[in-house]
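Whole structure, please, built from the sequences with the hints as guidance.
Respectively, the protein sequence lines represent chains A and B. Going by the working numbering, the residue at position 37 of the first sequence is 37; the numbering climbs one at a time, nothing skipped. Every number in the working numbering is 512 more than the matching position in the second sequence, counting from 1.
None of these hints come from the bench; they were simulated from the model. Beta carbons: idealized from backbone N, C-alpha and C, even for Gly. Check before you lean on any hint, since a few could be wrong.
Straight-line alpha carbon distances no greater than 20 Å define the calculated SDA-like cross-link-like pairs of lysine to any residue that follow [said to hold, decoys possible]:
1. A/Lys385 with B/Lys752
2. A/Lys318 with B/Lys752
3. A/Lys501 with A/Gln215
4. B/Lys537 with A/His335
5. A/Lys318 with B/Asn702
6. A/Lys431 with A/Arg344
7. A/Lys499 with A/Gln215
8. A/Lys499 with A/Leu253
9. A/Lys499 with A/Ile489
10. A/Lys385 with B/Ser779
11. B/Lys752 with A/His335
12. B/Lys752 with A/Gln215
13. B/Lys752 with A/Val407
14. A/Lys385 with B/Ser728
15. B/Lys752 with A/Ser343
16. B/Lys752 with A/Lys499
17. A/Lys431 with A/Gly461
18. A/Lys385 with B/Lys541
19. B/Lys541 with A/Val407
Computed from the model, here is a short list of chain B residues facing chain A with C-beta under 10 Å [claimed, not checked]:
20. Trp733
21. Asn740
22. Gln776
23. Thr778
24. Arg807
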Amino acid sequence: MSDAATSRPAGEVVLAARNIAKSYNGVRALKGVNFDIHRGQVTTLFGENGAGKSTLMKILSGVVQPTSGEIVLDGQPIVFSSSTDARNHGISIIHQELSLAPNLSVRDNIFMGREITGPTGVNYAEEERQVRRLLAELEEDIDPLTPVEELRLGQQQIVEIARALSVDSRILIMDEPTSALSATEVEVLFSVIRDLTAKGVSIVYISHHLEEALQITDHAVVLRDGNMTAYAPRADIDLEWIVRNMVGENYDLGSPPTGHDFGPVMLSIRELTVPDPAGGGYNVVDRMSLDVRAGEIVCIYGLMGAGRTELLETVAGKLSATSGEIVLEGKEISHLPIGERISRGLALVPEDRQRYGLVQTMSVGQNLSLASIMEFTRGIFTSVKLERALVQKSIRDVTVKTDGPDVPIGSLSGGNQQKVVIGKMLATDPKVILLDEPSRGIDIGAKAEVFRILAHHAAAGQAVVFTTSEVNECLSIAHRIIIMRRGRISAEFTSDITKEKIMAASGEAMAA
Amino acid sequence: MTQPSANGISSPAAAVRGTTISPIKLLLKGRAFFALIAIIIVFSFLSPNYLTVSNLLIMSSHVAIYGILAIGMLVVILSGGIDLSVGSILALCGVVAGALMQGVKLTPLGVILFPPVWAVVVLTCALGALLGALNGILIAWFRVPAFVTTLGVMYMARGIALLQTNGLTYNNLAGRPELGNTGFDWLGFNRLFGVPISVLVLAALAVLTGLMLSRSSFGRWLYAAGGNENAADLSGVPVKRVKITVYTLSGILSAIAGLVLSSQLTSAGPTAGTTYELTAIAAVVIGGAALTGGRGTVRGTMLGAFVIGFLSDGLVIIGVSSYWQTVFTGAVIVLAVLMNTIQYGARGIRQ
Numbered sequence: 001m002s003d004a005a006t007s008r009p010a011g012e013v014v015l016a017a018r019n020i021a022k023s024y025n026g027v028r029a030l031k032g033v034n035f036d037i038h039r040g041q042v043t044t045l046f047g048e049n050g051a052g053k054s055t056l057m058k059i060l061s062g063v064v065q066p067t068s069g070e071i072v073l074d075g076q077p078i079v080f081s082s083s084t085d086a087r088n089h090g091i092s093i094i095h096q097e098l099s100l101a102p103n104l105s106v107r108d109n110i111f112m113g114r115e116i117t118g119p120t121g122v123n124y125a126e127e128e129r130q131v132r133r134l135l136a137e138l139e140e141d142i143d144p145l146t147p148v149e150e151l152r153l154g155q156q157q158i159v160e161i162a163r164a165l166s167v168d169s170r171i172l173i174m175d176e177p178t179s180a181l182s183a184t185e186v187e188v189l190f191s192v193i194r195d196l197t198a199k200g201v202s203i204v205y206i207s208h209h210l211e212e213a214l215q216i217t218d219h220a221v222v223l224r225d226g227n228m229t230a231y232a233p234r235a236d237i238d239l240e241w242i243v244r245n246m247v248g249e250n251y252d253l254g255s256p257p258t259g260h261d262f263g264p265v266m267l268s269i270r271e272l273t274v275p276d277p278a279g280g281g282y283n284v285v286d287r288m289s290l291d292v293r294a295g296e297i298v299c300i301y302g303l304m305g306a307g308r309t310e311l312l313e314t315v316a317g318k319l320s321a322t323s324g325e326i327v328l329e330g331k332e333i334s335h336l337p338i339g340e341r342i343s344r345g346l347a348l349v350p351e352d353r354q355r356y357g358l359v360q361t362m363s364v365g366q367n368l369s370l371a372s373i374m375e376f377t378r379g380i381f382t383s384v385k386l387e388r389a390l391v392q393k394s395i396r397d398v399t400v401k402t403d404g405p406d407v408p409i410g411s412l413s414g415g416n417q418q419k420v421v422i423g424k425m426l427a428t429d430p431k432v433i434l435l436d437e438p439s440r441g442i443d444i445g446a447k448a449e450v451f452r453i454l455a456h457h458a459a460a461g462q463a464v465v466f467t468t469s470e471v472n473e474c475l476s477i478a479h480r481i482i483i484m485r486r487g488r489i490s491a492e493f494t495s496d497i498t499k500e501k502i503m504a505a506s507g508e509a510m511a512a
Numbered sequence: 513m514t515q516p517s518a519n520g521i522s523s524p525a526a527a528v529r530g531t532t533i534s535p536i537k538l539l540l541k542g543r544a545f546f547a548l549i550a551i552i553i554v555f556s557f558l559s560p561n562y563l564t565v566s567n568l569l570i571m572s573s574h575v576a577i578y579g580i581l582a583i584g585m586l587v588v589i590l591s592g593g594i595d596l597s598v599g600s601i602l603a604l605c606g607v608v609a610g611a612l613m614q615g616v617k618l619t620p621l622g623v624i625l626f627p628p629v630w631a632v633v634v635l636t637c638a639l640g641a642l643l644g645a646l647n648g649i650l651i652a653w654f655r656v657p658a659f660v661t662t663l664g665v666m667y668m669a670r671g672i673a674l675l676q677t678n679g680l681t682y683n684n685l686a687g688r689p690e691l692g693n694t695g696f697d698w699l700g701f702n703r704l705f706g707v708p709i710s711v712l713v714l715a716a717l718a719v720l721t722g723l724m725l726s727r728s729s730f731g732r733w734l735y736a737a738g739g740n741e742n743a744a745d746l747s748g749v750p751v752k753r754v755k756i757t758v759y760t761l762s763g764i765l766s767a768i769a770g771l772v773l774s775s776q777l778t779s780a781g782p783t784a785g786t787t788y789e790l791t792a793i794a795a796v797v798i799g800g801a802a803l804t805g806g807r808g809t810v811r812g813t814m815l816g817a818f819v820i821g822f823l824s825d826g827l828v829i830i831g832v833s834s835y836w837q838t839v840f841t842g843a844v845i846v847l848a849v850l851m852n853t854i855q856y857g858a859r860g861i862r863q
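Printed below as a string of structure tokens:
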């Protein structure tokens, strides 16, 4: 770590990935990636969900081991046995998913696993002093003794950043550090990054906010589908270059289906208010109203924490609202349990398919039929024949690539697993289908297929509501684009809107 | 046999995979079955009396108690829970049945009521259901962890059983012909076509539960709720109702086991069934069920119960001390869980 202070010409390569490949259960997440990290500069990784960015960062920080290829540190090949090992070599990472212990205080989280100890045990006073200094540097007014669970998401992210800064790393990897930050907090973070690079620290940066990343980066690396597709210094690139390399040439998520008239209002949300399910004491959905008509596709766009997930979960019956109405086909449904809402024609495809979508112990077929069990139950027994027919129809309907309905669900690729979750809810023959981030973590081909399926169902008269955090997806099949910000609708557009306006309305665009 | 029998669907592809399975995988999958065969073979060599029809039937009637408890434990474990109260519910139901057989004193009327045996059975099962439902409601509605809830009920039921009898045992369960309440020993002693009634009860309960798990919508709900409660909930599965139902079923089955046991012993004591909950859990685990829920079959659990029963009875027959029996049973359980880990771990379930 100490040799970070020795003088070396700026731009020297400190860490390099050489032909790095990684497979998970036979799925190739990375297919031989090369790239360099330069001393005292910011290198940004661009790529869609599932392009392999996070996997690459986990390899560079020792969290996972590559299947093949090598990491070169200061010109010497090196193998990191663990993240602690990597940290001892001056490499630390700010994870995309927060890796904090919610029950512990900010101080204890920042020094977790490397407590400052003295003859009388942990030196809490010294830890607290260092935490105060770090938080002051980040211009964040948080008491070091506050339990992390009492902080809002953005503040938790700051704590995560503070923890990485506390290690005095020479290479700092930031995986989506700004996803929950306000514009002011992002500005502060950027000034901290500039200070760090001036001191010779190398930064690897990952962000979905392309404009934001362009402000800070010195080099751009673009990943697509596990391959590195482009590499260039900041001076040579612009937004259009990034998007072109990220998504490839023939990138088409479809267009809003036309040729059918919208039917009557199927789903009507009236003045809906939902308190923070984590007990934050504020409303994640704040007196929001929305009508969706039969045959219409509505996209809800917003940043993390805008309340999109909570809105859909409340409509589906997982969370309960404190006030407001949810009306399906003219009938108030807020008092009904989830199963009853499903049988009345309301289906939710949840965001996190591993936690909320799939039953991992069941087969593909059993997952597909899970929401429609009563459809193939005759008397007290289920009918094998009827279930089989339903499953086969679903597999065709959502084009699941599987070796048959009896294979374990875990044997499918991410995209096909997502199609199973969607197929399961479509099998209930819903009138309104809600999808929370249906494209999350699936490859571009599967994404296009998912949108094609949704467009097809809308044309058949179903009302479709989906959320996304990728602007490109708003501009695909949606007839109407709703921008959510802090639990409310901040803007509403038709499909001919530009990306810039969407991002501005979501509070995403910086002073640009 | 460790595949969820909820596999209502089968395909030619699955059949093909079944035939191409490697010997080691087959051994791993059918481990409870092979263990049972091995136990029978070994003890047959050690004792000429082991492999006789009469001994097998006697051992089976011992297995019936654990087996009935294990069926209840299986449905609870499939839901992702645990039920530590089954041994105590067994004892409480046993002594309540015993008390009912002694007659209920209605002091204000100055009469003693002797309910017929069928009424004793119904009332006892109702008590088991009530205690099970109490477990289920605390767990499903009030979100008390299953381990803690059933631990509490385990102590309470045991305590009430001791209070009820003042620590003593009811020895006279035969009833008297002039009171019309004879026949309690039928469960434990009689045979139908040469098979002890208790074994037939076990078989009937196993078949019914097997059908429920593999063919009813409730069975599918149960596997889903145990496999991923969140996903099941969002798919419209009434998860709370499923949980309350499985604990209620477990309570009823404990009551039935209590009736069978006190009938076999012709006595009902408040300390009966101590640590039986652990034997039942062991049977379920040896049968290949996952303690995390969602995986397990009645067939596996029955094999697990027979492995434990035939092993401990075999050790008795060849004259091994009961202390060693405990050691052997423990070793079998650890081995079974180790195999579960290998089997489910190898499949690489990624979160």
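Do the hints match the structure? See the list:
1. A/Lys385 with B/Lys752: Violated, at roughly 29 Å.
2. A/Lys318 with B/Lys752: Satisfied, since the Cα-Cα distance of roughly 13 Å is no more than 20 Å.
3. A/Lys501 with A/Gln215: holds (19 Å)
4. B/Lys537 with A/His335: With a Cα-Cα distance of about 49 Å, the restraint between lysine 537 of chain B and histidine 335 of chain A is violated, given a limit of 20 Å.
5. A/Lys318 with B/Asn702: violated (53 Å)
6. A/Lys431 with A/Arg344: Status holds; Cα separation ~8 Å.
7. A/Lys499 with A/Gln215: holds (18 Å)
8. A/Lys499 with A/Leu253: holds (15 Å)
9. A/Lys499 with A/Ile489: holds (17 Å)
10. A/Lys385 with B/Ser779: violated (50 Å)
11. B/Lys752 with A/His335: holds (16 Å)
12. B/Lys752 with A/Gln215: violated (51 Å)
13. B/Lys752 with A/Val407: Judged against 20 Å, a Cα distance of about 29 Å means the pair is violated.
14. A/Lys385 with B/Ser728: holds (14 Å)
15. B/Lys752 with A/Ser343: holds (18 Å)
16. B/Lys752 with A/Lys499: violated (45 Å)
17. A/Lys431 with A/Gly461: Distance of about 8 Å is within 20 Å: holds.
18. A/Lys385 with B/Lys541: violated (27 Å)
19. B/Lys541 with A/Val407: holds (16 Å)
20. Trp733: Result: holds, 7 Å to nearest chain A Cβ.
21. Asn740: holds (4 Å)
22. Gln776: Glutamine 776 of chain B check fails; min Cβ-Cβ to chain A is 32 Å, beyond 10 Å.
23. Thr778: violated (37 Å)
24. Arg807: holds (5 Å)
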